[in-house]
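Engineer: So the chains spell out like this:
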Amino acid sequence: MTDLTDLTLADARDGLRARRFSATELAQSHLARIEAARALNAFVLETPDRALAAAAASDARIASGDARPLEGVPLGVKDLFCTQGVRTTACSRILDGFVPPYESTVTSQLWRDGAVMLGKLNNDEFAMGSSNETSCFGPVVSPWRRRGSNVHAGGESGAVEGQHLVPGGSSGGSAAAVAARLCLGATATDTGGSIRQPAAFTGTVGIKPTYGRCSRWGIVAFASSLDQAGPIARTVRDCAILLGSMAGHDPKDSTSADLSVPDFEAAVARGVKGLTIGIPKEYRLPGMPAEIETLWKRGQEMMRDAGARIVDVSLPHTKYALPAYYIVAPAEASSNLARYDGVRYGLRVPGRDITGLYEATRAEGFGREVQRRVMIGTYVLSAGYYDAYYVRAQKIRTLIKRDFEEVYAAGVDAILTPATPSAAFAIGEKGSADPVEMYLNDIFTVTVNMAGLPGIAVPAGLDAQGLPLGLQLIGRPFDEETLFAAAEVIERAAGRTALPEAWWA
Amino acid sequence: MSVDQATVRRIAHLARIRLGDGDLARMGEELNAILGFVEQLNEVDVAGVEPMVSVIPMPLALREDAVTDGGDPDRVLANAPSSEDGFFLVPKVVE
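Chains A and B, in that order, are what the protein sequence lines are. Adding 17 to a residue's 1-based position in the first sequence gives its number in our numbering. Adding 80 to a residue's 1-based position in the second sequence gives its number in our numbering.
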């Protein structure tokens, strides 16, 4: 029998129903792989007992012909999702030891449908980062290595060539775990690119749905007007299956959309015949690597070959999306993170008085990147600066959204862009001197959050160093179905990315 | 626009984050790098543009004004660093 961890989520689901293997065997295979992959630091908490208990329950359900849509499917959960009775920290010291007494809506729907939790996945602290280097549990090592690199998990002798690479972020643990076959799929969140950029860096598929498609209830908040949950998995179909369970209206989140959830899996095979795909000229950046340009052109050919019409479009305010984001997101973060004060949960560092307690707790509990963003947010919201920064950024956000609306009104069904301006970089390589260097990673993804639209990243090829590169498709509001159909065309034409051998084990 | 050390100190206090003198200087440089980056937003003509308030327009849902949750102090206090008799404990705040 082939290794069960090599199966796609769809094949595993079907194999379980056909009783070719049991949910217990499937969980055990993944738990063994997780144990052997600790050097990657993808999981910050393993929950094997819970996984095996859930798998046994799934086996009983399958035996009685009572299988639910995701029965027995083992998943990883980003540590931003509150899981009842299971430590949830957002990978911040300030939530040290926090055990939620409730379950996030998104994860509760996955368990409702029979999925099995393997553990909690690493991420940038409070999802603030593009490399998973800001986590209080330390960075995640990408399962990918540059061609010719023999960098290993440590403890071996001999000359080491190359460096460990980042898996991207903030959902770096989710992307690395899926690419390393430690789980069949994972939950993730995306505020400026945190699902799509790590998916692109690791040769996996990730979708950020339309704002409001998934409930944000029980997910640690970063920037509430931008945050959305979504899946990372190894195929377009697997993402469609997971989103079908994660999505849906939730009265506990007043911004969750009261719309029925379409059959996303059925949309995967629709094709793009007759669709109009827009190519925005503003995404052609000066100094962009030729390989990214070539990949983008190839994506356009794949669409054309499958019967789509390619048109040039213009999104004139694209270049202002990232700077406007670095006002809006920190402003919302400074407000959301005010709750971490050492009183109700998490870390407490004593002080002379209550203010001293707050200041000492937040100084010790928040890492540098989080402190920086809370400070920027506090500044742009402070008296005298609010109009100049925050109100101006929100006006520019209106213009960014209007750009997309005009393109869609002209008959464009989806927009094709590169997912990232480069392939993965090495741990420690970026952003140490100037934080903006790291922020530029999100230049192609952040517009989508600013406009509330759905976006999917799908692997489309490898660069000269043998590292994966992804393309992004941006859709109309609540039209994730077209994104799944179009991404499937790219996945088919490009061929599924061969994932790296387990050099870390 | 750039921030000086006194402003960084004031923001740190507003944000309730204690920063040492070395941290203040470093933070000032980093904040100025970000503020320099966002300065390009001043190029954009925003006259007559409404600021965004809701990225996906949707009517706010209303529900009956009734208590639907609560009465569970043990769960609320379960993660408290310090609590007593159903209350969170903090340092004395009134003289």
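There may be inaccurate statements among the hints.
As the list claims (entries may be wrong) - Simulated restraints, written as ranges between beta carbons of each label pair: (1) L276(A) x A127(B): 32 to 42 angstroms; (2) D322(A) x D125(B): 55 to 65 angstroms; (3) A400(A) x R106(B): 18 to 28 angstroms; (4) T311(A) x R90(B): 34 to 44 angstroms.
Unchecked claim - Quick look at which bits of chain B chain A covers, simulated, 3 or more residues with Cβ under 8 angstroms: (5) 82–93; (6) 96–110; (7) 126–132; (8) 140–154; (9) 162–172.
Hint data in this document are derived by calculation from the structure and do not stem from the laboratory. Each residue gets a CB set at the ideal place from its N, CA and C atoms; glycine is no exception.
Engineer: If a hint holds in the structure, say so; if it does not, say that too.
Structural biologist: Here's how the hints hold up against the structure:
no.	hint	verdict
1	L276(A) x A127(B): 32 to 42 angstroms	holds (35 angstroms)
2	D322(A) x D125(B): 55 to 65 angstroms	violated (41 angstroms)
3	A400(A) x R106(B): 18 to 28 angstroms	holds (25 angstroms)
4	T311(A) x R90(B): 34 to 44 angstroms	violated (50 angstroms)
5	82–93	holds (count 6)
6	96–110	holds (count 6)
7	126–132	holds (count 5)
8	140–154	holds (count 3)
9	162–172	holds (count 5)
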